[in-house]
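J.: Position chain B against the provided structure of chain A, taking the given hints into account.
2 protein chains.
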Amino acid sequence: MRVLILGMDGYLGWPLALRLLARGHEVAGIDNLYTRKAVEEVGSASALPIPSPEERVHAVRDIMGKDLDFIIGDITKYSVLNKAIRKFKPDTVVHFAEQRSAPYSMIDVKHANFTMRNNLSGTLNLIYAVKKANPKVHVVKMGTMGEYGTPNFDIPESAFVDAQIGGKSDRIVVPKWAGSWYHWSKVHDTNNLLFANKVWGITTTDIMQGPVYGTRTKEITDDRLFTRFDFDGVWGTVFNRYCVESVLGMPLTQYGKGGQTRAFLSLEDSMESLRLLIENRPNDGEYRVVNQFTEVYSVRELALIAKEVASKNGMSVEIGEVDNPRVEANEHYYKPVHDILPALGLKSPTRNIRDEMGVILKDLQKHKSRLAEYKDAIMPEVRWKD
Amino acid sequence: MRVLILGMDGYLGWPLALRLLARGHEVAGIDNLYTRKAVEEVGSASALPIPSPEERVHAVRDIMGKDLDFIIGDITKYSVLNKAIRKFKPDTVVHFAEQRSAPYSMIDVKHANFTMRNNLSGTLNLIYAVKKANPKVHVVKMGTMGEYGTPNFDIPESAFVDAQIGGKSDRIVVPKWAGSWYHWSKVHDTNNLLFANKVWGITTTDIMQGPVYGTRTKEITDDRLFTRFDFDGVWGTVFNRYCVESVLGMPLTQYGKGGQTRAFLSLEDSMESLRLLIENRPNDGEYRVVNQFTEVYSVRELALIAKEVASKNGMSVEIGEVDNPRVEANEHYYKPVHDILPALGLKSPTRNIRDEMGVILKDLQKHKSRLAEYKDAIMPEVRWKD
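Line by line, the protein sequences give chains A and B. Here this note's numbering runs 12 ahead of the position in the first sequence, where the first position is 1. Here this note's numbering runs 12 ahead of the position in the second sequence, where the first position is 1.
Pulled out of the complex, with its shape left as it was, chain A reads as follows (with noise of 0.2 angstroms):
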């Protein structure tokens, strides 16, 4: 199979690129290299160093003895990405280009704007190009479970559902609320993919993820072929940053109470997760959405795991509680659905969350003095409310 990753440069988009080598298909991905300057911008950087994307096509020759092609390209250039898909005529196209911080997308207006304009003007690209070039390719678009925010209804692994409204019936799209630019954007995006689908019958799979923690896939088995690893208030997620507050013994950043329920997953979930839907794809014209996690977990379980594994590992930790910068929900109802990847035979979850955690430790504390030197970017700055 052809698969185009767009954002091949990020935390999913390296390893997915390392996964589908491996699987013998071919693969070709375009990235602006964006999240690199951004994370810059806010003082902070890759706990784990990553080459540059030279260097990271010459890893996966060496390693992997495979050639991947490494477009440097910015997809809200329309040309870019008509250009790539005409000349690598991909049967999947897997749409990780977005901004993707909620607290970036919160820093001001400027920053709201930006991720507004690239996350809808990436993905309208993409339909346009798709709808022109082949309707006929897969497009994997990934989502966030944060799309829903926490609603008292079970998400559904659909994009319409039945609904009693005052007193009447009707089939209406999967209500969102989402709780900062960034969830906005991408719930935006939905809908313009759900338009784009029904008029066109663009063939979609809607990937509402959840947070992903972890260094390591089956294929990252070498130094040089690391994905990043964002851990600062404004890039990292929850667990990957307990781990490094770990690592430099600092209390755990626990926002508020930690009631707060999530959806998580490995990264080696995550790529088992996307490869299974890459090669399983929908039927044509299809709009296929999946909730994608294997584990769910209040900030505070994550906490208490988080404190139990370091422990272990000689690190002690104190759990700390941090004044949430986030509008959201402290206690509430949280069931999604999760019955598409399981019948398409993953396993999950295929690592377990304490075992995970002591190889992610293993690997951060190589770079310890690295970690210390973007310490002051960990606690979170950006305050909704301000």
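Do not take every clue at face value.
Put simply, identical chains are the same to the list, so a pair is met inside one copy or across any two.
[Unchecked claim] Below, a list of computed lysine-lysine pairs in the DSS-like style, where the Cα atoms sit at most 25 angstroms apart:
#1 Lys143 / Lys122
#2 Lys89 / Lys122
#3 Lys144 / Lys397
#4 Lys122 / Lys210
#5 Lys89 / Lys49
#6 Lys99 / Lys122
#7 Lys397 / Lys148
#8 Lys269 / Lys347
#9 Lys101 / Lys230
#10 Lys144 / Lys99
#11 Lys143 / Lys101
#12 Lys210 / Lys347
#13 Lys101 / Lys210
#14 Lys122 / Lys319
Source of the hints: derived by calculation from the structure; they are not laboratory data.
T.: Same frame as chain A, but now just chain B:
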């Protein structure tokens, strides 16, 4: 009261400025004159010739004896909007500065991107400018009944609605289903404003308006005060287009069987509704959603009315059936709630559509040769499925 109108040069912006001035309010407006250029771009023009911004300000001075501040500027540049708000210190900002044509947004990827970028960034800039300058400013945003599509439930006048989903109860954002990139951009803006209201308490009136028809309001008593009047396949709305077709003796371009039902109102009633909403602001921090219309017709009923009135005015027209260029339901349930405006005192409709059409025809007949010049732009050429 001090009212700042974004998009003051437009079909609604201009008569609203006149209405508010007549009511004794202080009015300033911003416009980048984009609609003038974009209508030219599709080979058309306003049926009624409209003066330049300078001439408009002079006409207001001469005829009404009022001062009007008309700023030529683009609110997608944050500094332009921020400066205007800090300088003018409005109590209310009315936001009409959006690309407002569904077919225009569907022309191609460039127009899709422009519509999203222009509309979303204007609204984001407004949110941030108000939040910084004075969060008590009342934001009045023009949305469209088209955000809802044609649901099976009664369309409420609220941002949220109680729903049962899979046996569970929740309060959800009122479901939307839009039929073009333009309509989706309005849905996205509604969601963005709603989020801004929840986080920063911005006081908002979100108006869901039906298509407007008419050339006159109480203040438009002189040709120098005319507002623009679009009738082409891209910029014209259905009843205004039927009026021009009647004058030209062309068959009325009814899209498909004409079963599409929508909520309409006259230009005068639109102005009266806006005045009532501006003079009766919601509570501080409230998000008020208003369905703004006075009558509900199918597109077929409108064609029959137009044919009847045209005939009484000595114009013989046939109802033509044009392939519907859009993707929309042809026959459907349609029941929007309409309580808020009548409770504020709107006697609806204040104008009878048949009488109003007589007035429109009279205004248009004076410009018959001008209309004939742009005749070729009337047939719909932008097809959703293309």
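J.: With reference to the structure, classify each hint as holding or not holding.
T.: Structure-based check of all given hints:
1. Taking the shortest alpha-carbon separations for Lys143 and Lys122, only the inter-copy value of 14 angstroms comes in at or below 25 angstroms, while the best intra-copy value is 31 angstroms.
2. Taking CA atoms no more than 25 angstroms apart as the test, Lys89 paired with Lys122 passes in both settings, with 19 angstroms inside one copy and 10 angstroms between copies.
3. When the C-alpha separation of Lys144 and Lys397 is checked against a cutoff of 25 angstroms, the pair qualifies only between copies, where the shortest distance is 12 angstroms, while the shortest distance within a copy is 43 angstroms.
4. Taking the shortest alpha-carbon separations for Lys122 and Lys210, only the inter-copy value of 20 angstroms comes in at or below 25 angstroms, while the best intra-copy value is 33 angstroms.
5. In this assembly of identical chains, Lys89 and Lys49 lie within 25 angstroms of each other by CA distance both inside one copy and across copies; the values are 19 angstroms within and 24 angstroms between.
6. In this homomeric assembly, Lys99 and Lys122 come within 25 angstroms of each other (Cα to Cα) only across copies, at 21 angstroms, whereas the closest approach inside a single copy is 34 angstroms.
7. In this homomeric assembly, Lys397 and Lys148 come within 25 angstroms of each other (Cα to Cα) only across copies, at 15 angstroms, whereas the closest approach inside a single copy is 44 angstroms.
8. Taking identical chains as interchangeable, the C-alpha atoms of Lys269 and Lys347 lie at most 25 angstroms apart only when both belong to the same chain, with a minimum of 20 angstroms there against 44 angstroms between chains.
9. When the C-alpha separation of Lys101 and Lys230 is checked against a cutoff of 25 angstroms, the pair qualifies neither within a copy, at 28 angstroms, nor between copies, at 60 angstroms.
10. Taking the shortest alpha-carbon separations for Lys144 and Lys99, only the intra-copy value of 13 angstroms comes in at or below 25 angstroms, while the best inter-copy value is 47 angstroms.
11. Within a single copy, Lys143 and Lys101 get their C-alpha atoms as close as 13 angstroms, which meets the 25 angstroms cut-off; across copies the closest is 47 angstroms, which misses it.
12. In the homo-oligomer, the alpha carbons of Lys210 and Lys347 lie at most 25 angstroms apart only across protomers (24 angstroms), although the nearest pairing inside one protomer, at 28 angstroms, exceeds that limit.
13. When the C-alpha separation of Lys101 and Lys210 is checked against a cutoff of 25 angstroms, the pair qualifies only within one copy, where the shortest distance is 23 angstroms, while the shortest distance between copies is 44 angstroms.
14. In this assembly of identical chains, Lys122 and Lys319 lie within 25 angstroms of each other by CA distance neither inside one copy nor across copies; the values are 38 angstroms within and 51 angstroms between.
Hint compliance for this structure: hints 9, 14 are broken, all remaining hints hold.
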